[in-house]
Amino acid sequence: MKLIELKEVGKKFGKNTILEDVTLSIEEGDIIGVIGKSGSGKTTLLNLLTGFMRPTSGKILQSFNATQGPVNLHKNLHKIKDMIGFAPQHNSFYPKLTVAENLLHFGQLYGVKRETVVNNIKSLLQATELQAHHNKLAQHLSGGMQKRLDISCSLVHKPKLLVLDEPTDDLDPILQREIMSFLKEVNKQGVTLVIASHNLPLLEKVCNKIFIVHDARVRDCGLIAEIRKPFLKEHFTINLNVSDKRDKIMSYLKTLPFTKIVDKGHHIVIYPQNPAQTINSLLKVIEEEDLYDMDIRRPSLGDIFEQITEQVTLEQK
Amino acid sequence: MKSLWLLTKKNLKLLIRSKSSALVIFFAPLLIILVLGLSYNTSSKYGLNIGIYSDSFTEDVTSFMMLLQEQEFKIVKYDTSLEECVSDIKQGFVHTCISVPSSLNVEDNQQKEITFYIDPSKINLVWMIQDTLGNKFDLKSQELSKEIAGNILSKLSYAKTRTAESSAQLNSVKEQTTAASNSAEAVKGTIESIDLKVPLIVYDNSVVETVKSGIVSKVKQSKNDLANARAGIEGATLEEGKDSILSSLDEAQDSLDDVSSLLEGNSSGFGEISVLVESLQHDLIQAQSKLASASEALSSSTSSLESTATQIRESVTAMATVQTSLDEMKSALEAQKVTEADIVAAPLVTKVERVGQESSYLNYSFPGLLVLVIMFSSLLLGTTLVMMEKNSPAFFRNYFLPLRKGTFVIATYLTNTVITLIQLAVILGVSLFFLKSGLPLIMPIAFTLLVSSAVFTFLGMAIGYAFKSEETGTLASISLGSFLLFVSGLILPLESISANLRRVTTFNPFVITEKVVRELFIFKAPFSSVWADIALLAGYALALFAGILVINYLMHRHFLEGFSKHYHKDHIHQQKAQRNNV
Chain G
1 MKLIELKEVG KKFGKNTILE DVTLSIEEGD IIGVIGKSGS GKTTLLNLLT
51 GFMRPTSGKI LQSFNATQGP VNLHKNLHKI KDMIGFAPQH NSFYPKLTVA
101 ENLLHFGQLY GVKRETVVNN IKSLLQATEL QAHHNKLAQH LSGGMQKRLD
151 ISCSLVHKPK LLVLDEPTDD LDPILQREIM SFLKEVNKQG VTLVIASHNL
201 PLLEKVCNKI FIVHDARVRD CGLIAEIRKP FLKEHFTINL NVSDKRDKIM
251 SYLKTLPFTK IVDKGHHIVI YPQNPAQTIN SLLKVIEEED LYDMDIRRPS
301 LGDIFEQITE QVTLEQK
Chain H
1 MKSLWLLTKK NLKLLIRSKS SALVIFFAPL LIILVLGLSY NTSSKYGLNI
51 GIYSDSFTED VTSFMMLLQE QEFKIVKYDT SLEECVSDIK QGFVHTCISV
101 PSSLNVEDNQ QKEITFYIDP SKINLVWMIQ DTLGNKFDLK SQELSKEIAG
151 NILSKLSYAK TRTAESSAQL NSVKEQTTAA SNSAEAVKGT IESIDLKVPL
201 IVYDNSVVET VKSGIVSKVK QSKNDLANAR AGIEGATLEE GKDSILSSLD
251 EAQDSLDDVS SLLEGNSSGF GEISVLVESL QHDLIQAQSK LASASEALSS
301 STSSLESTAT QIRESVTAMA TVQTSLDEMK SALEAQKVTE ADIVAAPLVT
351 KVERVGQESS YLNYSFPGLL VLVIMFSSLL LGTTLVMMEK NSPAFFRNYF
401 LPLRKGTFVI ATYLTNTVIT LIQLAVILGV SLFFLKSGLP LIMPIAFTLL
451 VSSAVFTFLG MAIGYAFKSE ETGTLASISL GSFLLFVSGL ILPLESISAN
501 LRRVTTFNPF VITEKVVREL FIFKAPFSSV WADIALLAGY ALALFAGILV
551 INYLMHRHFL EGFSKHYHKD HIHQQKAQRN NV
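Chains as they are written, first to last, in our numbering: chain G, 1 to 317; chain H, 1 to 582.
Since the hints were derived computationally from the structure, they do not count as laboratory data. Check the hints yourself; a few may be wrong.
As the list claims (entries may be wrong) - Okay, the calculated beta carbon distance ranges per label pair:
#1 G:M294 <-> H:N391: 29 to 37 Å
#2 H:I491 <-> G:P95: 36 to 44 Å
#3 H:N391 <-> G:K317: 42 to 50 Å
#4 H:S365 <-> G:L137: 20 to 28 Å
#5 G:K113 <-> H:I491: 29 to 37 Å
#6 G:N208 <-> H:G406: 39 to 47 Å
#7 H:N391 <-> G:N208: 34 to 42 Å
#8 H:G406 <-> G:T23: 51 to 59 Å
#9 H:N500 <-> G:S38: 30 to 38 Å
#10 G:S38 <-> H:L536: 48 to 56 Å
#11 H:I491 <-> G:N16: 45 to 53 Å
C-beta: ideal position from N, C-alpha, C; glycine also.
Build out the structure end to end from the sequences listed, making use of the hints.
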């Protein structure tokens with residue numbers, strides 16, 4: 001079921017076009033990653049989704065209430081505010097309130113009964129591993145804890161849709177993974193997630209859908225697998241750690257059909273024209289030359305994003 | 001030096017690029033100077049409403065009122081009762097009441113007393129009234145003093161003229177009297193010169209007696225002789241008796257001859273008589289001569305005395321004139337009732353009566369201080385609370401809460417109200433320690449201050465919404481508070497600012513609150529008499545609340561967008577920095 005649907009939505013600030021002609025939808029249960037360069041319009045897209053910003057053109061429809069069908073998001077925003085949670089780039093809680101106080105404050109303001117909020121808080125504290133810190137002032141928490149608290153504040157009223165803007169920003173890799181795994185857990189509980197982030201590997205792991213925002217447009221959107229498909233063949237790579245056998249291997253590789261070979265000294269990246277044939281040929285060399293330090297990779301989200309943005313640049317030129 | 005300059009330049013740039021800071025730093029002082037300049041760019045025209053009470057609005061009172069109106073004072077006439085005027089002071093409709101006697105003419109050496117009724121709680125106004133009106137009274141007093149002195153001088157001048165006239169007349173009298181005196185002296189001399197001395201001669205009367213007796217005896221004898229002769233004639237014949245008769249006749253002839261001799265002085269007796277008579281004649285001639293001289297002298301003296309009498313009559317007439325002049329002068333001088341120098345110098349005296357109960361200065365200044373505290377604390381609290389919320393990281397999340405915007409505004413107000421209530425409890429509680437008489441008034445005062453604090457809180461909140469940083473917001477709040485204080489009459493009397501701005505300042509919530517608290521606290525006014533002002537304050541609060549809601553509605557998205565943009569920009573900068581580091 002589509003929770004939110006954007007139809008030819010555009011957003012301008014004065015003469016600056018931030019987004020144009022955006023058509024996409026958010027299905028219930030999705031974990032959607034929004035990727036794009038800084039200033040590409042990711043945050044604006046999130047703001048449009050949450051109703052914080054009104055579009056300059058186009059329509060944004062919401063179907064949170066299944067019985068009503070799609071209705072204008074902004075006109076009915078007051079009815080669905082308790083169904084949306086938003087965790088912006090920065091932490092959005094009161095630093096001088098304790099963890100529990102923050103959660104209780106926001107939970108109650110969402111109109112949830114105190115008992116329910118208390119229960120929600122308990123489960124959130126458990127999930128975010130903040131039980132031991134519930135009486136600490138928020139400002140005294142570590143960065144990762146603060147981010148978890150911020151997300152908890154967005155979840156305390158149990159929204160249907162949780163929108164997160166850079167949830168792993170400024171966090172160390174372990175914390176980033178922790179946050180992402182926590183979000184996955186959240187999603188399992190039925191919360192639809194929209195996550196804008198620069199951390200593409202993590203998004204790739206967590207999300208099932210991707211919106212690629214570039215140059216004021218959503219260049220691609222859909223399931224990651226679907227988006228990846230056109231790039232699979234072209235961006236299939238074989239990585240070999242050749243160490244001192246570089247020259248020998250390079251001379252052999254040149255006999256094989258390839259699109260591109262990137263020579264990084266001890267490390268060679270091969271973009272084969274015919275992956276199956278190249279792998280078969282290489283297996284023999286690998287065995288002979290003892291080159292087991294290798295891997296075969298499908299195109300990453302980063303590759304896809306890079307490819308798409310390059311294409312756009314080329315098209316514009 | 002270079003680094004100092006660079007740092008200074010950087011600071012200036014940052015200040016200028018922050019619009020609100022630039023506004024506050026560069027334009028606020030100009031604005032304040034402009035407003036204050038307009039406020040106090042006035043000469044000596046004070047906007048005092050002066051109540052004049054008099055039993056009768058005579059010409060004197062009217063002229064006095066005209067004198068006050070020259071200063072553009074607004075005069076309100078009270079002819080029914082002084083209490084009405086005094087009550088209007090308490091209400092603030094008039095600044096002072098002046099009880100003026102119906103006549104300012106000073107009589108019977110009694111100064112005229114003009115009584116000021118002033119509100120002692122408006123200390124600076126009291127001084128201004130005393131100073132300004134005191135000058136006017138001095139003028140009037142001088143005018144009256146001048147009038148009295150003029151009267152005295154005119155009377156003195158009249159006396160002087162009359163004295164000069166009298167003096168001339170007295171000179172004439174003097175001359176005439178001198179002349180009369182001289183005449184009298186002359187008469188005296190003349191009279192003294194009359195010689196009426198009779199020589200002290202002892203006349204020998206015996207001669208005359210002798211002659212007399214001789215004559216008498218001779219005459220007797222002659223008589224006898226004649227009688228004999230007659231008898232002889234009658235009894236005898238002529239012959240027979242002729243001899244005897246002839247003898248008798250002879251004898252009588254002899255006696256008569258003797259008498260004749262005696263009478264002719266041929267005899268020695270008559271010689272003596274003759275001498276005596278001659279002596280008498282001589283004396284008589286002498287006496288005649290003396291009498292003639294005396295007569296002349298008397299004639300001369302009479303003439304002199306007549307002249308003297310004339311002169312004396314004239315003198316008497318002149319003296320009567322002088323007497324009349326003196327009487328007139330006396331009357332004129334007696335008509336001058338004011339004779340005491342003190343009263344001539346100051347015919348009017350002013351008396352200052354305080355309206356309300358006699359209290360300490362703390363009592364009088366208490367309402368102003370109370371409102372001052374409430375104003376600044378509410379303004380700053382309002383601003384701080386809004387700023388705290390606006391600058392709080394959680395501000396952004398509030399947008400996503402299913403709450404009306406007004407809810408946040410009301411919550412901020414309620415927070416302030418709670419704090420204000422605590423402040424009021426503390427302030428009023430402590431003040432009761434010093435001002436025990438104020439206990440029954442605590443509730444209405446607290447209510448008034450609460451309504452007032454709502455106005456100031458909303459003002460502070462409006463500032464909070466209008467400014468970006470807490471520092472500039474606080475500065476703006478303090479500036480606004482200072483401005484409201486400055487045009488409240490607490491520092492400088494409002495009555496001394498220009499008329500147009502004075503009209504505006506009457507709508508100053510500080511002024512209204514202070515007025516209400518003063519009336520309640522100092523004059524013990526009933527709550528019913530101040531409800532209109534409280535309603536006005538409540539109206540302000542509601543209007544400001546509505547205004548804040550509108551601002552909030554219009555600006556909330558702007559604030560949030562700015563807020564998110566701010567954080568987003570930070571993020572971009574961080575990214576850029578990270579990329580640069582890599």
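Item to check | Distance restraint hint 29 to 37 Å, applied to the beta-carbon atoms of K113 (chain G) and I491 (chain H) | outcome: violated (55 Å)
Item to check | Status of the given 34 to 42 Å range, CB of N208 (chain G) versus CB of N391 (chain H) | outcome: holds (38 Å)
Next on the checklist: For the hint 45 to 53 Å, verify it against the beta carbon of I491 (chain H) and that of N16 (chain G).
Outcome noted: Hint holds: Cβ distance 51 Å, inside 45 to 53 Å.
Checklist entry - Does the Cβ pair S365 (chain H), L137 (chain G) satisfy 20 to 28 Å? => result Given a distance of about 43 Å, which is not inside 20 to 28 Å, the answer is violated.
Checklist entry - Does 30 to 38 Å hold as the CB distance between N500 (chain H) and S38 (chain G), or does it fail? => result Once the Cβ atoms are compared, 56 Å apart, the range 30 to 38 Å for S38 (chain G) and N500 (chain H) is violated.
Item to check | Range agreement (Cβ of G406 (chain H) with Cβ of N208 (chain G), hint 39 to 47 Å) | outcome: For N208 (chain G) and G406 (chain H) the Cβ distance comes to about 41 Å; the hint holds.
Checklist entry - Do the Cβ positions of M294 (chain G) and N391 (chain H) conform to the proposed distance bound of 29 to 37 Å? => result violated (54 Å)
Next on the checklist: Against the range 42 to 50 Å, how does the distance between the Cβ atoms of N391 (chain H) and K317 (chain G) compare: consistent or not?
Outcome noted: Cβ of N391 (chain H) to Cβ of K317 (chain G): about 44 Å, so the range 42 to 50 Å holds.
Checklist entry - Does the hinted range 48 to 56 Å hold for S38 (chain G) and L536 (chain H) at CB? => result With a Cβ separation near 54 Å, S38 (chain G) and L536 (chain H) satisfy 48 to 56 Å, so the hint holds.
Next on the checklist: Quick check on a hinted range of 36 to 44 Å for I491 (chain H) and P95 (chain G), using CB atoms only.
Outcome noted: Between I491 (chain H) and P95 (chain G), where Cβ atoms are some 41 Å apart, the hint holds.
Item to check | Verdict for G406 (chain H), T23 (chain G) (Cβ pair) under range 51 to 59 Å | outcome: violated (36 Å)
Checked against the numbered hints given earlier, the structure breaks hints 1, 4, 5, 8, 9 and satisfies all the rest.
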